Structure formats: C-alpha cells, structure tokens
Amino acid sequence: MRNLPALLLLGLAGLAAGCATPLSTMQTAKTLSPGQVQVTGSMGVFVPVGTLASVVDVGIDQGLEAKRAIEEDRPYNLTEEDQQRLLTAGLALAVAPPGVNPELMVRVGLLDGFDVGGRYNGNALRFDGKVRLAHGGPGPRRSYDLALGLGVSKYLFSGAVMDVLEVVQLGDFSRTDVEVPLYLSAEYGDVFKLYGAPKYVFSHTRLDAQLVDFSQQGKPVTGFDASLPSVVNSHFVGSTVGFAVGYKYVHFYAELTGGYVFCNPHVFGQKRDLGGMTFLPSVGLGFRAPERRPAASVNPAAPGTVAPPSI
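Numbered per mature numbering (1 follows the signal peptide of the UniProt record, and there is no 0), the sequence shown spans residues -19 to -1, 1 to 292.
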C-alpha cells in the first residue's frame, strides 16, 4: 500500500489538471486572409480570487477562534466542520494555485473569413478555428468584426508534480477542454485594436484507474477517507477584454480575462467546491505577415493600353 502523502500528491496532481484551464485570447475577431500568418508570444498571471478569499476567510475565522480560546483559558479544538472547511480551502488552493502562464500561438488564414491556430503553454496543446460572422465599417481604415470560434485543448500532464506519476507508473490520465468563444472587435487603421471575447470552457479529466482504486483502499489503513473521483468536470463562464497597439505588422497586446469556474468533485469523502472567481491578466507581442493579395489583371480596354486587334 502506498503511503497517504504520496497518494494525496497524486490526487492533487490529477485534480489540478481537472480544474485549471488556459483562458487567454490574444486575437481579435478579424480573421486572417488566406495564406497570412501571425505568431504571438504572451505571458499571463493566473489569479484565483475566489480561492484566495476562501483561504483568507478560513484563516481569519480560525485565528479569532484560537484567540478566544486563549482568552477564556480553554483548549483550542477544531470542530469537524472547521476541519472540512480547512481541507476544502487547502485543496482549492492546491489544485488552482496562482502562477505565471507563458504561451506561444501560431495562426494562419485558410479561406476568406476563416483561420485556424495552434497554441502551446507548457501544459497543453490547443487547436482552434474561427469563422467570420459579420464585417463592416465606415471606411477602409476602420472596421468592426464578429466571429465565432471553437477550440479543443489536450493536456500534456508534464511538470515536476506529474513526474511522480512516472515514478510509480501511473500514467493513464487524460484531459480534454472544449472552448466556445464569441469574438468582437473594432480596428482603427494599423495602429489600435479593441476586442472582447465572451467564452465558455468545458473541461473533462479522467484520473488514472489504479490511483482511484488505491485511494478507495486507504481508509481502513489510515482512518482517513482519501477516495478520489474517476472523472472531474469543470465549467468556466467568463469573458476577455483587451486592446492591441502597434503599427502594421507588429502589435502589443494587453488583456484581462475574468469569470467563474464551477468545479465540484466528490473528493476525500465529500462533495467540495473547488471553483470560484478567476482572473488572468495577460500581455503579448504579435507579429503578422503582410496580406497576400492576388496579382492585378491587366484590362486590355483600359486607357493607356493597346487593345488586341479585332478579327
């Protein structure tokens, strides 16, 4: 039987993959022209505000309770409810800790009004497509666009924590994200772009079957219910707002993504709320190749040209 600390570490590794979701956008609603390429490097900071607030609230409550126990000269004991609150707060912080999230994205236009892209952030590969729904504007130097996207991400389960899985030969983990964003943007010449993207993300994670079996066998030995779910689902509902400034082919992007993560797995004997309000401020630098324009055809009847002789 594996010891409980190692089991908890493996469980948190799987749950972290189930509740943490890449959320940045780094693109406008305007699709790339056929053959046009854009490369964007970005850096975001994941801030789980709801989780941090829960941890602070629990800490304040327990600090006040300990102070009262000292003043009243009585032992300080955690009730069962307090223990569960502390455990839930600790789990929520462990599975979605604050951190820096670097990304690299490459996009290419395939058809008029349709482009595709790939993104790598160190933990996941994401592929998506974007189709133009509407385009307009008062002139060639100003445009407004609306587009609908669909993205699929595959988690790679890499990093220091996930290396433990390789040591104990438990690697049958899988996670897939499905993202549906609606892009809106306004572009003013080659200099300034303003964009937003309401989005919904569904995440489905399947934990290793051996790990789940081991977790269910831990209580008779340790006296602690360390059972883990076989599947963890989470939902993100939120939006991105941002802008880009630059000239022609190089632009600096700055955006803020915010929303709510719903993640309520049955962990360690109880259904626990591991979600909450989440924010991800991001900045990036995008390089866009010039548009590929078709060669202009010569009109034989145009002024200044010689028309072919008639027969």
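Just so you know, the hints here were simulated from the structure itself, not pulled from any lab data.
Among the hints, erroneous ones may be present.
[Claimed, not checked] Label pairs and their computed distance ranges (CB to CB): (1) 112 / 258: 43 to 53 Å; (2) 127 / 15: 12 to 22 Å; (3) 218 / 53: 15 to 25 Å; (4) 194 / 237: 40 to 50 Å; (5) 41 / 108: 24 to 34 Å; (6) 157 / 112: 16 to 26 Å; (7) 62 / 95: 52 to 62 Å.
Remember, it's a predicted structure, so these values are computed and weren't measured experimentally.
Note that the Cβ used here is the ideal one computed from N, Cα and C, for glycine as well.
Structure-based check of all given hints:
1. 112 / 258: 43 to 53 Å: 31 Å, violated
2. 127 / 15: 12 to 22 Å: 20 Å, holds
3. 218 / 53: 15 to 25 Å: The hinted range 15 to 25 Å is violated for residue 218 and residue 53, with Cβ atoms some 45 Å apart.
4. 194 / 237: 40 to 50 Å: 42 Å, holds
5. 41 / 108: 24 to 34 Å: 44 Å, violated
6. 157 / 112: 16 to 26 Å: Taking Cβ atoms as reference, residue 157 and residue 112 lie about 22 Å apart, which means the hint holds.
7. 62 / 95: 52 to 62 Å: Given a distance of about 54 Å, which is inside 52 to 62 Å, the answer is holds.
Hint compliance for this structure: hints 1, 3 and 5 are not met, and every other hint is.
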